[in-house]
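Asks: Here's the letter readout for the chains.
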Amino acid sequence: MSATPSPRLALRGNPRLGLALGTLTLLVALVALLIVTPQLAERAGASDFQARLLAPTTDYWFGTDVLGRDLLARTLQGLALSLWVGAAAALLGTLIALGLAALACLDRRADAVVGLLVDSVLGLPHLILLMLIAFALGGGTQAVIIAVALTHWPSLTRVLRAELLQLQQADYVRLSRRFGKSRGFVIWHHLLPALLPHCLVGGLLLFPHAILHEAALTFLGFGLSPGQPAIGVLLAESMRYLSAGYWWLGVFPGLGLLLLVLAFDRLGNALRRLLTPHEAQQ
Amino acid sequence: MLEAHDITLGYRPGVSVLRGVSLQLAAGEWLGLSGASGSGKSTLGRALAGHHTLRSGSLQLDGAPLPRHGLHPVQWLPQVPELAVNPRWRIGRILAEAWTPDAALRQRFGIGDDWLERYPHELSGGELQRVAVLRSLAPGVRYLIADEISSMLDAITQAELWQTLAEVAEQRDLGVLVIGHDRALLKRLCQRRLWLENGQLCAEA
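Quick note, the sequences are listed as chains A and B, same order. Our numbering puts the first residue of the first sequence at 1, with every later residue one more than the last. Our numbering puts the first residue of the second sequence at 1, with every later residue one more than the last.
Because the hints were derived from the structure by calculation, they are not lab data.
Derived SDA-like pairs: lysine to any residue, alpha-carbon spacing no greater than 25 Å straight-line:
hint: 1; chain 1: A; residue 1: Lys181; chain 2: B; residue 2: Leu59
hint: 2; chain 1: A; residue 1: Lys181; chain 2: B; residue 2: Gly50
hint: 3; chain 1: A; residue 1: Lys181; chain 2: B; residue 2: Arg90
hint: 4; chain 1: A; residue 1: Lys181; chain 2: B; residue 2: Glu117
hint: 5; chain 1: A; residue 1: Lys181; chain 2: B; residue 2: Leu54
hint: 6; chain 1: A; residue 1: Lys181; chain 2: B; residue 2: Trp99
hint: 7; chain 1: A; residue 1: Lys181; chain 2: B; residue 2: Arg106
Can you make the complete structure from the sequences, with help from the hints?
Replies: Set out below in structure tokens:
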């Protein structure tokens, strides 16, 4: 057999690695910007009634809103809020999915119960369920996180359950036990590393979903409070002024949300390819 | 002596793949097992290596039940080596999961030092099969179930693999159950040959 390049060399020339690193850099830069800018909250909340509804200028890159607040600062703050809500909801949703998938693999009855739960949640209208849970929990950041997490685990649970069932029957897993390895060793060294890419990718792909739903819930009035500069709040406010020609009120927060969602979508897909040695070297 | 007494097992309720199969395999013996596709050869091989729960019957090693924990003294080698190894592990780690063969033994199986850093998909089927065979020869293993391990290999690689395995088996007094369709190969390798039909051992071929 001809010599093949080592994985490290192959990764070095892999365009997908560049893509993943580029996306990761973008996200890190965004998070860093939002965390280290101390004046952001002050600037986002500061009103200047002399500068109401200004179009984008060199002083206000994204323009100002109806209270004369800097839309750039408010958009960045909104994206920061979306990041936290999205991350928490995606993490919680992934943990629920992993736990239920593991439960389903214990025995047939547990599998049937989990299957019924998955089908039930998938069968209900998505947005209505989200609104009901958020409303029942009284709204606010925590309610949105819980609502998004509680409605976004079924698809990932299905994927993880199928993967786990397949892995349990895999020859190399059975052989590992015959080589005297403990159940803990098999779970830690064979099952979890095989599931990790699915969890990471599933979680990352949940992320944009969670962000969009947070924005949608807030837009509809069931999510974050109107006082918070969430993207959903900014978009809802902009609706009143779009027809009057104040396009920047909706365009910039919308574009920011779109870029954030796209970045996570790209990152998820790039990670999926990078975490599998075979795919990484293609 | 590895003994199967009247074993019955199946995958679905009410349907038995193996029905009352009994056989004996002595240390150092090479036993051939053939039969039509779907007759239960691989199921029998896996059962002997403890991969299946029996519906009835028993498996014994020197008159005692086979151990449930620790290294299993009967190792099963599958036909497709790609399925027998973790695709995310390098060859060195795959071997070390069972034991650490010395360089001389690795050399006898044609496994170079540079292979240890490779992933399974960077080896050919024949090369990977040699890795799987060497891995199964951990100290403490007394019987091997070779389930059509050479059916995907070319004639030269087949001959080399069987030659090396025969030498090691002789040194270690390993009993080997060779499962396959190639009657000429079974005749050349094995002292006895069995025929499995519809889950039952019919007669010595």
